[in-house]
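Trainee: Now for the letters of each chain:
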Amino acid sequence: MAAHTSQSVAKAAGDDVEKDVAARGRSRRTDSGNRGGLRRALATHWYAWAMIAPVVLVLGVIIGWPLIRGVYLSLTDANERNVSRTIGARHIEATYEFVGLDNYAAVLGDPVFLQRLVWTVVWTVACVSITFTLGLVLANMLNRNFRGRAAYRMALILPWAVPGFVSVFAWRFLFNRDNGILNKILDGGGIAAVPWLDDPTWAKFSVVAVTVWLGVPFMMVALLGGLQSIPGELYEAAEMDGASPWQRFRHITLPGLRAVSMTVILLSTIWTFNMFPVIFLLTRGGPGDSTEILVTQAFREAFVASPRDFAGSATWGVLILALLMIFALVYRRSLRKQGEVW
Amino acid sequence: MRRGIAATALVAALALAATACGGDTKDDSGETKTGGELSGTVTWWDTSNDAEKASFQKIAEAFTAKHPKVTVKYVNVPYGDAQNKVKNAFSSGSDAPDVIRADVGWVADFASLGYLDEVPAETAKKVDAEFLPQAAASGKYEGKTYAVPQVIDTLGLFYNKKMLADAGVQPPKTLEELKTAAAAIKAKSGKAGLYLRGDDSYWFLPLIYGEGGDLVDAKNKTVTVDNAAGVKAFQTARDLVTSGAAVTNATDGWTNMQTAFKSGEAAMMINGPWAVADTYAGDQFKDKANLGVAAVPAGSVKAGAPQGGHDLGVYAGSKNRDAAHAFVEYMTSQEVQVQSAKELSLLPTRTAAYEQPDVKSSEMVQFFKPAVDKAVERAWIPENGSLFEPLKVEYTKAITGASSPEDAAKAAGAEFRKILKGWK
Numbered sequence: 001m002a003a004h005t006s007q008s009v010a011k012a013a014g015d016d017v018e019k020d021v022a023a024r025g026r027s028r029r030t031d032s033g034n035r036g037g038l039r040r041a042l043a044t045h046w047y048a049w050a051m052i053a054p055v056v057l058v059l060g061v062i063i064g065w066p067l068i069r070g071v072y073l074s075l076t077d078a079n080e081r082n083v084s085r086t087i088g089a090r091h092i093e094a095t096y097e098f099v100g101l102d103n104y105a106a107v108l109g110d111p112v113f114l115q116r117l118v119w120t121v122v123w124t125v126a127c128v129s130i131t132f133t134l135g136l137v138l139a140n141m142l143n144r145n146f147r148g149r150a151a152y153r154m155a156l157i158l159p160w161a162v163p164g165f166v167s168v169f170a171w172r173f174l175f176n177r178d179n180g181i182l183n184k185i186l187d188g189g190g191i192a193a194v195p196w197l198d199d200p201t202w203a204k205f206s207v208v209a210v211t212v213w214l215g216v217p218f219m220m221v222a223l224l225g226g227l228q229s230i231p232g233e234l235y236e237a238a239e240m241d242g243a244s245p246w247q248r249f250r251h252i253t254l255p256g257l258r259a260v261s262m263t264v265i266l267l268s269t270i271w272t273f274n275m276f277p278v279i280f281l282l283t284r285g286g287p288g289d290s291t292e293i294l295v296t297q298a299f300r301e302a303f304v305a306s307p308r309d310f311a312g313s314a315t316w317g318v319l320i321l322a323l324l325m326i327f328a329l330v331y332r333r334s335l336r337k338q339g340e341v342w
Numbered sequence: 001m002r003r004g005i006a007a008t009a010l011v012a013a014l015a016l017a018a019t020a021c022g023g024d025t026k027d028d029s030g031e032t033k034t035g036g037e038l039s040g041t042v043t044w045w046d047t048s049n050d051a052e053k054a055s056f057q058k059i060a061e062a063f064t065a066k067h068p069k070v071t072v073k074y075v076n077v078p079y080g081d082a083q084n085k086v087k088n089a090f091s092s093g094s095d096a097p098d099v100i101r102a103d104v105g106w107v108a109d110f111a112s113l114g115y116l117d118e119v120p121a122e123t124a125k126k127v128d129a130e131f132l133p134q135a136a137a138s139g140k141y142e143g144k145t146y147a148v149p150q151v152i153d154t155l156g157l158f159y160n161k162k163m164l165a166d167a168g169v170q171p172p173k174t175l176e177e178l179k180t181a182a183a184a185i186k187a188k189s190g191k192a193g194l195y196l197r198g199d200d201s202y203w204f205l206p207l208i209y210g211e212g213g214d215l216v217d218a219k220n221k222t223v224t225v226d227n228a229a230g231v232k233a234f235q236t237a238r239d240l241v242t243s244g245a246a247v248t249n250a251t252d253g254w255t256n257m258q259t260a261f262k263s264g265e266a267a268m269m270i271n272g273p274w275a276v277a278d279t280y281a282g283d284q285f286k287d288k289a290n291l292g293v294a295a296v297p298a299g300s301v302k303a304g305a306p307q308g309g310h311d312l313g314v315y316a317g318s319k320n321r322d323a324a325h326a327f328v329e330y331m332t333s334q335e336v337q338v339q340s341a342k343e344l345s346l347l348p349t350r351t352a353a354y355e356q357p358d359v360k361s362s363e364m365v366q367f368f369k370p371a372v373d374k375a376v377e378r379a380w381i382p383e384n385g386s387l388f389e390p391l392k393v394e395y396t397k398a399i400t401g402a403s404s405p406e407d408a409a410k411a412a413g414a415e416f417r418k419i420l421k422g423w424k
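So the sequence lines, in the order shown, correspond to chains Y and F. Residues in the first sequence are numbered consecutively from 1, following UniProt numbering. Residues in the second sequence are numbered consecutively from 1, following UniProt numbering.
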């Protein structure tokens, strides 16, 4: 249940960015129109405006306000000792102050930021590319007619159905060096125990493996949908022309999947970039701090040290959001160059 | 965005807590005493471990026998997540517990944030007069008493008597002796000498005390973890692992340590009285007499173990403070302390409890009492609890060889200074 929520939080964060991007695009368009145009649009489409008003309001309250508040906090020295809080009947007023860009200077000036950023990018690229490749292979395999297809699909979709934190805990048991099943199996084969979560390199491998395991079903289903929308005639025609299977894959399947794959890659990149639960629950960023990504570091800033540094954490949050927005913009621009309509 | 992250984090933290305890923490009754009689609900967040919790739940719920109109709602919160969970609950005020069992290192932190209700003057006097002075000190912040000590503890060296006897070695008194003993054990049985917990920096404290160092010097507001003794301690930890004297893990250390020791995969471990009940459940200790406890092995300077324990505090925003304070008094009463000493081998905090036959006859108490008397008192500063996380990162790095002892000490010192603003 909780992981579902966390998944949807990740999703919401993803949507959030997308909406941001979309909103920017839209506003750019309205900006180019003059004021009279806006009034006319209001007059003719008042009904549509009235209909979307509740949504805009809700989004404003649950996304806009916290976002603005987060940006504001990142410009202050707010921490657990100086924010306002209510303890029973007693109310303590906030005493934090505006400090400008000090927090940003501190975070960006700390070598830790760069270390985390590099690993976050490596981890995102690794997870997304492996997940996508595996998803594509599995989708192609499942797109054929064979006995027990439904059963295979069920089995492959299962990781998606299990709450994320349950899977992560299960993996944690499997990975346990001394008592885990994986090492017991290896031991049976005469291979020495692998320090899955105890060695920085193996720990990185492990978190990537679990994320891939969790992400493949979504990829697979999305791509399967894409595959099924490619008309069969194309394949028949290509076959008649004597195209090899590889040529068919390369020239029909891949271009046919483009719209779907571009979307899922963008989504999956944003999710993976912010994949808090896997890292937090599997390794807590360890051993040491070797698997710590930007979001888990932001958590550490806010919730581990005492007093909790809300301003510092907000700064990390804003920086993460900025990075994702830049990525989404660049990505969209490159797609547009390739003729995709977005 | 901060909220977004906080929400994700919160969800993850709650998920952890929910899976582990599955407890419903809602407290919807806020009655106070009527006509001198206590009534209402007291929600208690207990952090005791799996082996201890059943006993504590029973003891807590027996409070109703004394105050029939008070309902005790027992919630077990896993120790590892408790500090955060308690802070989340206290700062939001909703669903906050009335009474918490706080690690001695957290009391100053919670008190400094205004979360804890001061102990009634009468009780505070009793704490000063009837409790072990070092235990009483842990419940104070700036001269006022905010929590009543429930149990006190320290670390000791647990050993498997049979395994040591088979290898023909005595319980080691120093780390040098420990290395020799570990080699003999390995030669004899192929098992590890010591399990050294590598994922929790509390277990690093005996090593740093052993070299004559400490994390901080609160009197002079100085960070001392990165001085020569500190570096030596990181070096010692690394040596224990590389020399093969100790095995360790960077994750799931508690479970792996208990499993290794209980099943005889490791002949020794460093642990505290809270582990005794669980250890007795292991195959190797069906005969309780097989479990021996000695002082932690000395480093090159001395043998030193940290003073730990747990205090009970009342939430300042509790709607039911009278009942909550009465509950704390009950939970720290002599009778209850004697019972938990007998059932769980936990050490009482009341001086007089040690005169009780049930306590006197407990071998573990007999061992740990003098150890506690000599234990190194930590700096009771609000930041005490938050020093362990950055220290853990560096300790794990040093012990797994990801960074050198010098770098680990230096990095830990730098992190400490970030937390302790203005300290040298």
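One should not assume that every hint holds.
Claimed, not checked - To spell it out: a stretch of chain Y is covered by chain F in this simulated footprint if at least three of its residues, at any positions, have a beta carbon under 8 Å from a beta carbon of chain F; those stretches are:
no.: 1; segment: 104–111
no.: 2; segment: 140–152
no.: 3; segment: 196–209
What the hints assert, rightly or not - The calculated lysine-lysine pairs, modelled on DSBU-like cross-linking and capped at a C-alpha distance of 35 Å, are:
no.: 4; chain 1: F; residue 1: K319; chain 2: Y; residue 2: K184
no.: 5; chain 1: F; residue 1: K161; chain 2: F; residue 2: K360
no.: 6; chain 1: Y; residue 1: K184; chain 2: F; residue 2: K191
no.: 7; chain 1: Y; residue 1: K204; chain 2: F; residue 2: K173
no.: 8; chain 1: Y; residue 1: K184; chain 2: F; residue 2: K288
no.: 9; chain 1: F; residue 1: K410; chain 2: Y; residue 2: K184
no.: 10; chain 1: Y; residue 1: K204; chain 2: F; residue 2: K186
no.: 11; chain 1: F; residue 1: K87; chain 2: F; residue 2: K58
no.: 12; chain 1: Y; residue 1: K204; chain 2: F; residue 2: K66
no.: 13; chain 1: Y; residue 1: K184; chain 2: F; residue 2: K188
no.: 14; chain 1: F; residue 1: K424; chain 2: F; residue 2: K140
no.: 15; chain 1: F; residue 1: K144; chain 2: F; residue 2: K162
no.: 16; chain 1: F; residue 1: K53; chain 2: Y; residue 2: K184
no.: 17; chain 1: F; residue 1: K58; chain 2: F; residue 2: K374
no.: 18; chain 1: F; residue 1: K162; chain 2: Y; residue 2: K184
no.: 19; chain 1: F; residue 1: K69; chain 2: Y; residue 2: K204
no.: 20; chain 1: F; residue 1: K69; chain 2: F; residue 2: K144
no.: 21; chain 1: F; residue 1: K319; chain 2: Y; residue 2: K204
no.: 22; chain 1: F; residue 1: K418; chain 2: Y; residue 2: K204
no.: 23; chain 1: F; residue 1: K161; chain 2: Y; residue 2: K184
no.: 24; chain 1: F; residue 1: K319; chain 2: F; residue 2: K69
no.: 25; chain 1: Y; residue 1: K204; chain 2: F; residue 2: K58
no.: 26; chain 1: F; residue 1: K191; chain 2: F; residue 2: K342
no.: 27; chain 1: F; residue 1: K418; chain 2: F; residue 2: K66
no.: 28; chain 1: F; residue 1: K144; chain 2: Y; residue 2: K184
no.: 29; chain 1: F; residue 1: K286; chain 2: F; residue 2: K360
Claimed, not checked - Okay, the calculated beta carbon distance ranges per label pair:
no.: 30; chain 1: Y; residue 1: G148; chain 2: F; residue 2: K286; range: 23 to 33 Å
no.: 31; chain 1: Y; residue 1: G148; chain 2: F; residue 2: T255; range: 30 to 40 Å
no.: 32; chain 1: F; residue 1: D373; chain 2: Y; residue 2: V166; range: 42 to 52 Å
no.: 33; chain 1: F; residue 1: D373; chain 2: Y; residue 2: A193; range: 50 to 60 Å
no.: 34; chain 1: F; residue 1: P370; chain 2: Y; residue 2: V99; range: 49 to 59 Å
Please keep in mind that the hints were generated in silico from the structure rather than gathered at the bench. C-beta atoms are modelled at their ideal positions from N, C-alpha and C, and glycine is treated no differently.
Trainee: Against each hint, give a clear statement of whether it holds in the structure.
Mentor: The hints, checked one at a time:
no.: 1; hint: 104–111; in the structure: violated (count 0)
no.: 2; hint: 140–152; in the structure: violated (count 0)
no.: 3; hint: 196–209; in the structure: holds (count 5)
no.: 4; hint: K319/F with K184/Y; in the structure: violated, 52 Å
no.: 5; hint: K161/F with K360/F; in the structure: holds, 22 Å
no.: 6; hint: K184/Y with K191/F; in the structure: holds, 17 Å
no.: 7; hint: K204/Y with K173/F; in the structure: violated, 39 Å
no.: 8; hint: K184/Y with K288/F; in the structure: holds, 30 Å
no.: 9; hint: K410/F with K184/Y; in the structure: violated, 38 Å
no.: 10; hint: K204/Y with K186/F; in the structure: holds, 32 Å
no.: 11; hint: K87/F with K58/F; in the structure: holds, 26 Å
no.: 12; hint: K204/Y with K66/F; in the structure: violated, 55 Å
no.: 13; hint: K184/Y with K188/F; in the structure: holds, 24 Å
no.: 14; hint: K424/F with K140/F; in the structure: holds, 25 Å
no.: 15; hint: K144/F with K162/F; in the structure: violated, 48 Å
no.: 16; hint: K53/F with K184/Y; in the structure: holds, 31 Å
no.: 17; hint: K58/F with K374/F; in the structure: holds, 32 Å
no.: 18; hint: K162/F with K184/Y; in the structure: holds, 27 Å
no.: 19; hint: K69/F with K204/Y; in the structure: violated, 54 Å
no.: 20; hint: K69/F with K144/F; in the structure: holds, 31 Å
no.: 21; hint: K319/F with K204/Y; in the structure: violated, 47 Å
no.: 22; hint: K418/F with K204/Y; in the structure: holds, 28 Å
no.: 23; hint: K161/F with K184/Y; in the structure: holds, 28 Å
no.: 24; hint: K319/F with K69/F; in the structure: holds, 15 Å
no.: 25; hint: K204/Y with K58/F; in the structure: violated, 44 Å
no.: 26; hint: K191/F with K342/F; in the structure: holds, 32 Å
no.: 27; hint: K418/F with K66/F; in the structure: violated, 48 Å
no.: 28; hint: K144/F with K184/Y; in the structure: violated, 54 Å
no.: 29; hint: K286/F with K360/F; in the structure: holds, 22 Å
no.: 30; hint: G148/Y with K286/F: 23 to 33 Å; in the structure: violated, 50 Å
no.: 31; hint: G148/Y with T255/F: 30 to 40 Å; in the structure: holds, 39 Å
no.: 32; hint: D373/F with V166/Y: 42 to 52 Å; in the structure: holds, 46 Å
no.: 33; hint: D373/F with A193/Y: 50 to 60 Å; in the structure: violated, 41 Å
no.: 34; hint: P370/F with V99/Y: 49 to 59 Å; in the structure: holds, 51 Å
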